[in-house]
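Student: With the hints as extra help, turn the sequences into a complete structure.
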Amino acid sequence: MSDTVIQLDVKDVINQSDVVLEVLDARDPMGTRCLEIEKMVANENKRLVLLVNKIDLVPRPNLDAWLNYLRRSHTVIPFKANIQRQSNNLSSGRPYVDKHGKMPSKGYGTSDLLSLLANYSRDPSSELSDKESRLSLTVGVVGLPNTGKSALINTLKRQKVCVSGNVPGLTRHSQRVRIDKNLYLLDTPGTLVSKTSDTSDLVLKNCVKPELLPDPVPAVEAILRRCSKDQLMSKYNIEDYGDVSDFLVKLARRMGRMKKGGVPDIVMSARGLINDWITGKVTYYTEPPCEDNAVESNSDLLSKCQPMEVTDV
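Using UniProt numbering, you'd call the opening residue of the sequence shown number 1 and step up by one each time.
Straight-line C-alpha distance at most 25 Å; calculated DSS-like pairs for lysine-lysine:
1. K181 / K46
2. K11 / K157
3. K229 / K281
4. K157 / K181
5. K281 / K235
6. K11 / K46
7. K281 / K209
8. K235 / K209
9. K259 / K209
10. K46 / K157
11. K11 / K39
12. K235 / K259
In short, the hints are calculated from the structure, not lab data.
Tutor: Printed below as a string of structure tokens:
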């Protein structure tokens, strides 16, 4: 699919929608936002809701800080898509964490989101009950690759109607899904990544498949800059390391990734670490900007957001 087709696809979805959900990754909400999308939504006078997905991958205090920050200017819903394996009757799940302090496989935030959308769909001029006065509502779901757009729709539908997974580019065309008689969702391909992002940044946002990288080592260097030594040494049970090469050699030996002759397989070791990063096995999260810190202006961010075909990198 060409860049032009992708951009037109997103614009068409926004035009068809009454409300637009921009899906963000809770680990890096600002890094997975794109103001180009938000500008298009504003230009069409459509409602915008920021949906912070994958909330199970960050500590609760960090999530609360991000919600407080984002809610200064937008309606925000925290969310976790359902990851149960069955195809039908997926539970929406209400508890934030279970009795052991862990996030269950059931989804979270479904009822809050559906209540918000139901409120948007009510006809204020009607004298009927809230349920009887609901109008048909079309909701566009947009965002970067692998933020969980299709998984969100599957959770709301309570069955797997959209292909989803930790692989970028699974959704190739927009698709319309009926949630109930009044609510329709429009899924879109993952789009709009920063034209200033290097390949390593795109890999860590899962916009590029790790196996397509001719050299995954730069992406590992980026991970090492984001994680402490203690964290990685504890996670993989390895000794202290020097540079990235030393780390990958120790990791390859620990994970049993060896070539013939007992030579550590650096490439396989690097790709294994990247996959652990993408799936959340290596924990990382960003902090919201401090109130006193200068944040990039909208115009600066807009200049960095451009359509891009994720599978061509």
